[in-house]
Amino acid sequence: MTDTLDEPQTLADGAEDAPAYPVKRTCPYRMPPGYEELREKGPISRVTLWNGRTAWLVTGNDLGRRLFPDARLSSDVLDPRFPLLAPRIEAQRQQAAAPPLVGVDDPVHARQRRMVLPSFGIRQINALRPEIQKYADGLLDTMLAKGPGVTVDLLTEYALPMPSAVICMLLGVPYEDHHYFDERSRHVLSSSGEEQAAQAQQAFTEILAYLDDLIVRKQAEPGDTLLDELIARQLEEGKVDRQELAMIATVLLVSGHETTSNMIALSTMALLADPDQLAALRADESLMPRAVDELMRFSSIGDMLMRVAKEDIEIEGHLIRAGDGVILSTMLMNRDPGAFERPDELDIRRPAGRHVAFGYGIHQCIGQNLARAEMEIALATLFRRVPTLKLAVPAEQVPVNAPFVLQGVSELPVTW
Amino acid sequence: MHLSVDSDRCIGSAQCAVTVPSVFEQDEDGLSTVIPGREDGGGEPMVREAVRACPVQAIVLKETEGV
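Chains as they are written, first to last, in full-length UniProt numbering: chain A, 1 to 416; chain B, 1 to 67.
A few of these clues could be false.
Stated by the list, open to error - Computed beta-carbon distance windows for the label pairs:
#1 S7/B - D76/A: 24 to 30 Å
#2 V23/A - D29/B: 37 to 43 Å
#3 D29/B - E37/A: 44 to 50 Å
#4 S7/B - A97/A: 25 to 31 Å
#5 R9/B - A232/A: 26 to 32 Å
#6 K390/A - R9/B: 43 to 49 Å
#7 A220/A - E39/B: 45 to 51 Å
In short, the hints are calculated from the structure, not lab data.
For every residue, glycine included, the Cβ atom is placed at its ideal position computed from N, Cα and C.
Looking at chain B on its own, in the form it has when it is part of the complex (with noise of 0.2 Å):
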C-alpha cells in the first residue's frame, strides 16, 4: 500500500497521529503527514482503521501490486 495525506483537505484533527503514531506525525502547522518512510504503511493494522477515522477523507490509501 501507499499512503499520503491531501494537507489541502486535512484539518488536523490529528485522529491519524493518536491512531496510529508510527506512520503520521504532525507538522509545525498543525497538519498531518506520512513520516518519511512510513508510506507503506509499516505493517501497522491500525492503518485502515486511521484512514477511516479521519473526519474529511483526507488520507488517501493506494493499494500496490505484489508486497
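Excised from the complex, chain A in its bound form (with noise of 0.2 Å):
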C-alpha cells in the first residue's frame, strides 16, 4: 500500500478520484457533506473547481501548518494560474487592481501591513473595549424596544451593525455613513446568486469611490483616526499614493463588516443549541474568550484559502507543481483529530490549542484583536440582556451563505 520509493503523486494522478468542491454547508457552523470523506484521504487530497479544473485540498494541521508560511505559495490574485472557487469571482478579477494585504505577496505585503499594523495592537484595540461596549448596548436597546414576542433579524439589529459601527470609528469614517457600508461590505463577501455577481464589484467601486473621497477631505480637515495617521505619516511622506491608500481602506473597511458579524451570528445559533454549553458561559463570562477561540475553531467561516504555487513543492509524497492551484481547507484542519480531540464537538473549555481560523503565515488575520474582542463583547452582552433568547424558526430552515464565499447565514430571526 506504501509506495513512498515511488516518483511523488501530481495532481493528474489522482484526478478521476476529486470531488466537486467547494460544497455548500447543510448546517452554516458543521462540515459540508463529503467533508469527513476529505479528511479520511487527507492530508492532502484532490478537487475539482467549477470550471473543471483540479486543485490540491490540504485538509491537515500539521501539513497545512507547514505549507501556509511557505513562500513558494503565493496569494496573488492577478496570476491567471490562481484558484477560483466561482465565475462571479472571475469576472471580477478581471476588472480589478490586486487587492492589497490579501491579494499580493511580500514585499508588497510587508509593506502595506505594516502601515496599518500600529492600530491593530492588543493595546490599541483593548482601548476601545468601552466604546465597543456601548455600541453593543445600544443597539440591544433599540431591539429589546421592539417589546418581547416580536422576530427581529439578528443579523440586521445587532450582529452586523454593532462591528460595522466599530470599524468606521477605528478607521474615521463618521458614524451617520456606516449604513451606508453595510448592505455593500455584504454585496462584496457574501453575495451569492448570479446577479449579484455585478453588484459585488459595483459595491466594492462605490466603497472605493467613497473612502478616497473621504481621504481628500480629512487631508483639509485632518482627525486621530487610523486613516489620519495614514495620511499624516504615509500618504504626506510620499510612501503610498491615494489609490493605493483608499484600496487599504476599502480591505479593511469590508474585512472589519461582515467576518465579525458572520461569526455573531453562527455563535449565537451553535450556542442556543446547546443549553449546556450556554448555560455553562453565562454563569462564568471569564470562560468568554477561549469560547471565542473555540467558536472560531468550530465554525472555520473563512474556510477555504487559496493560494498557487509558484515553485514545485515535493511534500509527504506528492509534487505541487509550479502553476497549480492548492486550497487550504481551516475547516478540516482545525477539525483534523490528529490536532484536537473530538474534533466535531464544540467545547467552550478546549484549550485554544492550535486552530487556523485566523489563517497561518504571514496573512494572518490582522484585526484578530479586535475581531476577539468585538465577539467576547457582543456575545456577552447578547445573552446576558435577553436570557430568553431563541430562534424564531427552526434551525434548519435559517438561509445558508453559498459555498464559495464567507460562510454564515443571510438572516437570522430570533424572538425572545
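These two chains come separately, so use the hints to put the complex back together.
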C-alpha cells in the first residue's frame, strides 16, 4: 500500500478521484457533506473546481501549518493560474487591481501590513473596549424596545451594525455614514446569486470611491483616526499614493464588517443549540475568551484559503507543481483529529490549541485582536441582556450562504 | 533558554503576547518583542506554545546549558 519509493504523486495522478468543490454547508457551522471523506483521505487530496480544473486540497493541520508559511505558495490573485471558486470571482478579477494585503505577496504585502499594524495592537484594541460595549448596549436597547414576542433579524439589528460601527470608528468614517457600508460590504463578501455578481463589483467600487473622497476631505481637515494617521505618516510622506491608500482602507472596512458579523450570528446559533455550554458560559463570563476561539475553530467561517504554487514543492510523497492551485481548508485543519480531540464537538473549555480560523503564515488576520474583542463583548452582552433569546424559526430553515463565499447566514430570525 | 523575536519576520499577529503576556509585548509599530529581562522565558510553561503559535516562526528560542 505504501509507495514511498515511487515517484511523488502529481495533481494528474488522482484527477479521476477529485470530488466537486466547494460544497454548500447544510448546517452553517458544521462540516458540509463530503468533508468526512476528504478528512479520511487527508492530509492532502484533490478536488475539482467549477471550471473543471483540479486543485490540491490541504486538510491536515500539521501539513497545512507547514504549507501556509511557505513563500513558494503565493496569494497573487492576478496570476492567471490562481484558483478561483466561482465564476463571479473570475469576472471581478478581470476588472480589479490586486486587493492590497490579501491579494499580494511580500514585499508589497509586508509594506502594506506594517503601515496599518500599529492601530491593531492589543493595547490599542483594548482601549476601544468601552466604545465597543457602548455600541453593543445601544443596539440591544433599540432591539429590546421592540418588545418581547416579536421576531427580529439578529443580523440586521445587532450582528452586522456592531462591527460596522466599530471599524468605521477605527478608520474614521463618520458614524452617520456607516449604514452606507453595511449593505455594500455584504454584497462584496457574501453575495451568492448570479445577478449579485455585478452588484459585488459595484459595491466594491462605490466603497472605494467613498473612501477616496473621505481621504481628500481628511487631508483638508485632519482628525485622529487610523485613516488620519495613514494620511499624515504615509500619504503625505510619499510612501503610498491616494489610490493605494483608498484600496487598503476599503479592504480593512469590508473585512471588518462581514467576518465578525457572521461569527456573532453563527456563535449565537451554535450556543442556542447547546444549552449546557451556553449555561456554563452565562454562569462564568471569564470563559468567554476561550469560548470565542473555540467558536472560531468550530465554525471556521473563512474555510477556503487559496494559493498558487510559484515553484515546485515536494511534500509528503506529493509533488505540487509550479502553477498548481492549492486550497487550504481551515475547517478541515481545525477538525483534524490529530490536532484536536473530539474535533466535531463544540467544547468552550477546550484549550485554545492551534486552530487556523484566522489563517496562518504572513497573511494571518490583521484584525484578530479587534475581532476577538468584538465577539467577546457582543456575545456576553447579548446572552446577559436577553436571557430568553431563541431562534424564531427551526434552525434548519435559516438560510445558509453559498459555499464559495465567507460562511454565515443571510438572516437570523430570533425572538425572546 | 534564550528568547528573541526576529523583527524582520514578525507580522504583528500578537499570538505570543496573547499567549504569554508576561514575556512578550508589542512595540509602538505593532511588532512583538521580548520584555527586557524576560529573555530566559521567566519560567513560564506556555513559552514553547507561544513559539509554536507564531504563524511565521519569528520567535527564536535557543537552548542554553545549565540553568
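query: Can the suggested window of 26 to 32 Å be confirmed for the beta-carbon pair R9/B and A232/A?
result: Roughly 28 Å apart at Cβ, these two residues keep to the hinted range, so it holds.
Margin query: Just to be sure I understand the hint, the distance between the Cβ atoms of A220/A and E39/B should be within 45 to 51 Å; is that true here?
Written below: Given a distance of about 48 Å, which is inside 45 to 51 Å, the answer is holds.
query = In this structure, is the beta-carbon distance linking K390/A and R9/B contained in 43 to 49 Å?
reply = This hint holds: roughly 47 Å between Cβ atoms.
At the C-beta level, are S7/B and A97/A separated by a distance inside 25 to 31 Å? holds (30 Å)
**Request:** May I ask you to test the hint 24 to 30 Å on the CB atoms belonging to S7/B and D76/A?
**Result:** This hint holds: roughly 25 Å between Cβ atoms.
Checklist entry - Between D29/B and E37/A, is the Cβ distance one that fits in 44 to 50 Å? => result holds (46 Å)
Kindly confirm whether 37 to 43 Å is satisfied by the beta carbon distance between V23/A and D29/B. 42 Å Cβ-Cβ, so the 37 to 43 Å window holds.
In the structure shown, no violation is registered for any of the earlier numbered hints.
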